[in-house]
Structures are given as C-alpha cells and as structure tokens.
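**Student:** So the protein sequences, as listed, match chains A and B.
This note's numbering puts the first sequence at residues 1 to 357.
This note's numbering puts the second sequence at residues 358 to 858.
Everything labelled a hint here was simulated from the structure, so no lab data went into it.
There may be inaccurate statements among the hints.
Unchecked claim - So, partial list: chain A residues that the calculated Cβ filter (under 7 Å) puts toward chain B: (1) Val213; (2) Thr217; (3) Arg218; (4) Ala232; (5) Gly236.
What the hints assert, rightly or not - Below, a list of computed lysine-lysine pairs in the BS3-like style, where the Cα atoms sit at most 30 Å apart: (6) Lys239(A) - Lys621(B); (7) Lys726(B) - Lys551(B); (8) Lys610(B) - Lys239(A); (9) Lys567(B) - Lys537(B); (10) Lys537(B) - Lys551(B); (11) Lys567(B) - Lys549(B); (12) Lys549(B) - Lys559(B); (13) Lys559(B) - Lys239(A); (14) Lys726(B) - Lys216(A); (15) Lys487(B) - Lys537(B); (16) Lys559(B) - Lys537(B); (17) Lys549(B) - Lys792(B).
Here the structure is a predicted model, which means the values were calculated and not measured.
For glycine and all other residues, C-beta sits at the position ideal for the given N, C-alpha and C.
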Amino acid sequence: MKRLKLSSGSIVNIGGSIIAVAIALLLGALVMRLSGADPWAAYKALWNGAFVGRRSISETLIYSAPLILAGLGFAISSRAGLFNIGIEGQLITGGFVAALVGAWDLGLPSVIYVPLALLAGALGGAVWGFFPGFLKARYGAHEVITTIMLNYLAIRLITYLVLRRDDILPVDPTYVATKKVVDAARLPILLDRTRLHAGILIALGAAIVLWWVLFKTRFGFNVRAVGLSQGASAYGGIKWGSTVVIAMVIAGALAGLAGAGESLGLHGRHWSTAPGYGFTAIAVGLVGRNHPIGVIFSGLLFGALNAGGPAMQSAHVSKEIVQLIQGFIILAIAALEVVNRLPSIRSRMARRASAGA
Amino acid sequence: MEGIVKRFPGVVANDGITLLVEPGEIHALLGENGAGKSTLMNILFGLYTPDEGVVAVNDQPVSFSGPRDAVLAGLGMVHQHFMLIPRFTVTENIILGNEGSGLVLDRTAAARRVREISESYGLLIDPEAKVEDLTVGLQQRVEILKALYHGSRILILDEPTALLTPQEIEDLYGILNRLKADGTTIIFITHKLKEVAAVSDKVTVIRRGKTVGERITSETTGQELADLMVGRGVSLTVARTPATPGRTILSAKNLTAQPIHGHKPLSIADLELRAGEILGVCGVEGNGQAELVEVLSGLRPITGGTLAVNEIDCGQRDPNGFREAGLSYIPEDRHHRGLVLDFPLWENVLLGNAQGEPFVRRGLVRGRKTQDVTRQLMADFDVRAPSPETPARALSGGNQQKLIIARELFRNPDVLLAIQPTRGLDVGAIEFVHKELVRVRDEGKAVMLLSYDLDEVMDLSDRIVVMSEYQITGEFVAGEVTRNHLGLLMGGRHSDEATQA
C-alpha cells in the first residue's frame, strides 16, 4: 500500500490537487456531454445548489462537517504511514456510541450532556482505531486487512445490537436505529430555519488542533518522522509501535467525532445504514494532501458536491454524476502521482531491463 | 562515444562526454558519484538514447534500442550488484534468457562451453556449482563468464571492487589482464584512484557530465587525477599526529546478540574504545558489522555479555539511552537511517535531539530555536543549502553527510561511531569527513570508524580490529600490520594462519 502514500503531503502540493479537481470536472463534463446533457447547465445547477442561498450553503456545511473530521482521521493515520481504510467503521462506531449516550436521557443539562455524548463518540471511534494500530505494532498485521475486517464487524455488531438488544440498550428495532437523542444532547442549530448544526465548528476546531499537534509538538514530529522513514525515526530514538498506536487512536477518535456529529446533530439518532462517508474521507484526505488545513478545503469541496448534486437533476443530469466526479478526482490524483514519479520509475525499469540482458 | 549529451528534466547528466576506447585496452572511467558515469554506460548499453552525440562500436555508428542489441554487438556488462539467481547453478544462470530455440535444454553442451571459457581465463568456476554456494568474488566471475559466454568482446565493469576483499581484488586484476591479453576490451568504472593505477592502461576522467581529461595511466599521478576529478586541488592523505589514548569510554565483553534473520549470531569477545583514538573496524561486508552497529546504537537487543558507555550499563538501553550515555552516530545509510529526506534540514537536526532542551520544551518543538541552531550548524560545517527549510532530499550526498555530522556533534558526545562515513561521497566531501574525524579525536573523544574500504581504515585509524564471521579476529596497532595481513584475516583466515601466509 506504500504506493498510495502521497509524496510529502505539504500544502505546497496543493497545485496537484487543484489540477486533479479540474481534470475530474472536465471528465465529468465529457460524460454528461456524451449522455446528451448540457454540462454547463449542470455545473451551474451544482454551483447554485451548493453555494447560492442560505439553505444551499448550510447544506454544504452539513455535508462537509463529517467529511472534514473523518478526512482528518485519515490524514493523521497516513502521516504515521498507515493506510486506514477503517475510517468507516470508526465513524459508525462513534456515531452509534454517541447516539446511545444521547438517547439514554441521563437528565443532564446541555452544557454537560453534549460534550459527554461527543466524548463517548470519540472514545467509541478511538477503540475501533486502537485495534488495528495495536495489531500492526504488536504483530505486524497489515492495517488494510484489519481495518476492512473491523468495518464489517462494526456494521454487523451494531445491526445486531439495534435489532436484538432493545432489552438493555436505548435502541428501536422497528427503525433499525437507536432511539431518538434527547434534546439536551443534541448539537445546537447554528442558523434558524436550517439543519445547520454545530458539527462544522467542531470540524474546523479539530483541524486547527490537529495542525498544531502535527507541526508544533514533539508527538506530531514523531508521527511524521515514523511515517516518512521508519529507519531514520528508529535511529532517532522514536518508538514506532507506540507512535503508530496513538496515531490510530487519534484517527479513530476523529472519525468517531464525525459519526457523533451526525447522530447528535443531523439525524438525532444513529441509523444502522452506513452513509459511506468513511470511504469518501479517504478521498478527502488525499485531495487535502493529508494536511489539516488542506483537509478543510477538500472536505468543503466534497461537501459541496454532495449538497449540490441533487440540484443537477434540474439540468436533467442524474445526481450520481457527483459520485463519478469524486471517482475521477481520486483517479486524477493517483495519475498525477505516477507522472510525478515517472523519472524514478523509469530509471528503476531501466535498471531491471539491463539486469535481464 | 563522442560528444554525448543526455538531459533529464532539470539536469544535464551528460554534457558532451567523449570516451574513446581502443581495442584490447583496459580503460578506466573515473569520476565522482553523480558525475555521469552510470548515465553514460546506460547510453552505451542502449537503455537511454542520447540527445546528442554518436556512439560507435568498431568504428560503426550504432543506435541500440535495448540491452539485447548491445549484447549482440559484443558488449557485456557486469553490474555492481550481481544479477544471478542463487538457487540456480552457474550454467543455468549463464544460459538464462538464451536457452536456445529447441524444446530440450542442451545443458551438457552449455556446461562444456562454460567450463572451456572458465579454464581458458583461469576463472576456476565449476559450471555445476550452485551460485548461492559461491563467494562474492566467485559470483562476480560468474557474471564475467556470462558476458564472455554471450560473446562479449567489450566488457564493462561497474565499480567491480565494491564488495571484494583485497585478495579477491588482486585476483580480479589478474583475470582482467588475461582477458586483455586475449584481445578483450575492458571499461572499468570506478571512483577509486588506486584502482585506476593498478589495472588500467588509459583513463578518462569525467566531472559534472563533462570529459575533463584523458591520460595514459603510466604517465599520470594520483594527485593529478584527483584534482581533475574534483576540479580543484585536494589533499589525498590526512595529516594527523600520533594518538594519545586516554580512558576507556566504551567497552563490550562477551557480547552476543540476536541474529538478523538468516545470519549467524554476533559474538564479540572484547571490544574497547578509548578517548582520543580512532579505532578502525575493517572487514568484508556481511560479517557481522550490521549487527554490531545495531547493538551499539540500541536497535538490537543483546542476549549476553556486557556493554558499557562511560561506565554506564547500556545493555538494555534504546537509542535515546545510548545518546544519553554519550554516544553519537554517523549511520551508514544517509537516506534511510540518517535523515528523513522529506523533512526540512531543521527537523532533521531535531531527529535524535528531541528528548528535551534546547529544541523541545514541555513536549513542544521550539521551531525558531531549532532553525537558529540549524543555521549556525550549517555555517560551522559548511552545509550548502539555501535555508534550514530546505528539504534534506535536495542536498548533495556530501552536504547531507555534513549535516548529519553537525547534528551528531551538537550534543558534544564522548563517542562518535562513524559507520562508512564516506560511502558514496565525492573526494572533496571525503576529505572533509576525514579531517572532521581526526579533529574530533584530537578533542579527546573516542571515534570508531567502521568501513569496508580497507585503505580508509588504514589511513585514519590508530588501532585496527578485523571482523570476520561475526567475530573480531584480530587487533593491531596501526602501522604495525600490513595490508596483506589484514586482507587475509578479512578473508576468513585466522591470525596465526595469516602470519604464516
């Protein structure tokens, strides 16, 4: 999975991301053209649906909040050199746990209840991040395998709990979800007559904190050193194992917060159907070059695509075209990376060719 | 090859190189790392197409589209790292890729031919031997044999002595001379002056992608070649006064350690390092040096014996523990051990120095302070880079090594372990590193120099130990032992045998 790790991830690489997005939009336009639609009208509708008017903007921010948080989770695990496909599992675990705490009706005032439920969500995600981190550090189990398995485990476990354990948990089998989160545990609404909840503030705050941790603390230095060079970091006295585990715990906590925001903010309960944000978060991290500030922008971009997608139907374009564009973005990023590395790849191939002589 | 120009994005690797090799001569191609030797040979071998210039073989202009064309034209290449399949026999390796058109391999006929060639040049290779059972020196002969089998009349050897013992190098020279006598043309790529003098008839020196001189070997001097290669006057020998060893700073007794997978366990009976001396550790690569280095840096747990630095027991310490006890390292692999290449210089200075003040306070990195110190270190050690924010990747090997030395000496250690500190460096940077090691010694610190280059060990050390078969097999005061004697020990003979030999 090393190949998937982007070279340095510094904000300087932002040019590559912008080019990738441009390429993806062009390809998307081409597809619309081929299917007989008017791409210009479609993109205009997308823009309007994402940015024009208070409802559009708030929908964009609503979609962006979990993507930014989960993208930050992907970013820190990538910085530590891990390819964390388990964001999805960490996210839904966090969402589920936060919803449980919120639905229990502990009779607490909002100022305590909301942070408590958020914390519970973060903890739930953190536990789900800890396992693959620990298995990697202790036994060398590859995180791609373990996180995929833990994704399934989270989905099945939560489905079981909401369907069968209404005897001990505040769940509602008829809805295949948790019970409703009580008002005292709900995230406050930021803007009247919209669904915009405080999740976006949490996401922005988390991005700034993560930036500070990664670039201003020794721990962040250790994470980045471990991710870039295991050999050099070992020589520098940095313990790879514990660094990797803590990075995964933080990644899980961030993804868990993303899920908690959905439960406590948007839905008011945890639905056992997964939204797939955990996978989009990988793209968010990659486009944001695994830099917390970059992740804010790429999270907003993907949020805008999701929010504006339905509006494209007015231009007779299926809203699924948005998924296609997201796919193109990832392909373009990967392709640009290959082009970047072409000189070194070519020389390696040359060496191999001469070896065969 | 005339007027060869090859550009890569951002660099001109070859900028008008002319290399004229007469039939039947041994022609050395001398240049520092990055001078363009490999690019030139890759062009000759058809791996790259030159942007300008003409390649001609036997006065016929050629344009190879790949190595196969080059082989058909009678060229053969022996790479620095051998391209052999260990589990195959010599013959199988040699016919690999040229098994003939029939369905059945005619192995016997091939083996007969291999034996004939081997005998006619005194290569002493058994065609039926498995490659994995052969020594490095013999494996190299298999590569030469392979080239000859395929009809090569022009043989290119890329840094062929890098992995050989001194005796094996002598044998190689013998083989090359026999090949020459038989009319084979040999291009010998190297950056070592002594090899040029020992084996070549003519030498072409290249620097920064340009041919800077062609000399008849017997009519030139090492000093002239070094100056040509570097582009300025360099001193080839390090001036130094006799050592005045003081107290023992590092001592290891009956040390054993977990083996690296597939290796034998390390076993060091007695190793002492004293203040104010340079202890040279020589040996052929792969005789326990890697394990020794990892043990002494806290990366490999010891399984027995004692290891003390400044009388502090370090047996169970991690790399930070060794640093606290007073050790510093110049690791052998700048790119994978010494530096995080994508980090800026100042973060590389932080590496290994992040335990506390002055760079870290209460868990927070003091960026400004670290950058200031880095700037100072860059000035003191002549690290040429635009700023502390420059990524380490952008620096030349010599400047990277200077930064590592600066970082490691910043802690004011009592012991400096220099592991192949000049590997891959150009002559100018080697000069700097050597002077620095002597300066550190003169400051009363203990220096351990581990190198696979026997000349380097002999030039710099006050005391020399030989490593062979994961043990220390000899210890000498420098100047009281001959190169030949050390060479025999490195090759696995024991001390008394070596004395008789």
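**Student:** The structure should be examined with respect to each hint, and the outcome stated for every one.
**Tutor:** Each hint, compared with the structure:
1. Val213: Result: violated, 10 Å to nearest chain B Cβ.
2. Thr217: Constraint on threonine 217(A) satisfied, holds at 6 Å.
3. Arg218: Because about 5 Å separates arginine 218(A) from the closest Cβ in chain B, which is inside the 7 Å limit, the hint holds.
4. Ala232: Cβ of alanine 232(A) sits 5 Å from chain B, so the hint holds.
5. Gly236: holds, 4 Å
6. Lys239(A) - Lys621(B): Satisfied, since the Cα-Cα distance of roughly 26 Å is no more than 30 Å.
7. Lys726(B) - Lys551(B): Not satisfied, since the Cα-Cα distance of roughly 45 Å exceeds 30 Å.
8. Lys610(B) - Lys239(A): holds, 27 Å
9. Lys567(B) - Lys537(B): With a Cα-Cα distance of about 27 Å, the restraint between lysine 567(B) and lysine 537(B) holds, given a limit of 30 Å.
10. Lys537(B) - Lys551(B): holds, 19 Å
11. Lys567(B) - Lys549(B): holds, 18 Å
12. Lys549(B) - Lys559(B): holds, 14 Å
13. Lys559(B) - Lys239(A): Violated: lysine 559(B) and lysine 239(A) sit about 53 Å apart, past 30 Å.
14. Lys726(B) - Lys216(A): Holds, because 13 Å separates the two Cα atoms, which is no more than 30 Å.
15. Lys487(B) - Lys537(B): Judged against 30 Å, a Cα distance of about 28 Å means the pair holds.
16. Lys559(B) - Lys537(B): holds, 13 Å
17. Lys549(B) - Lys792(B): holds, 19 Å
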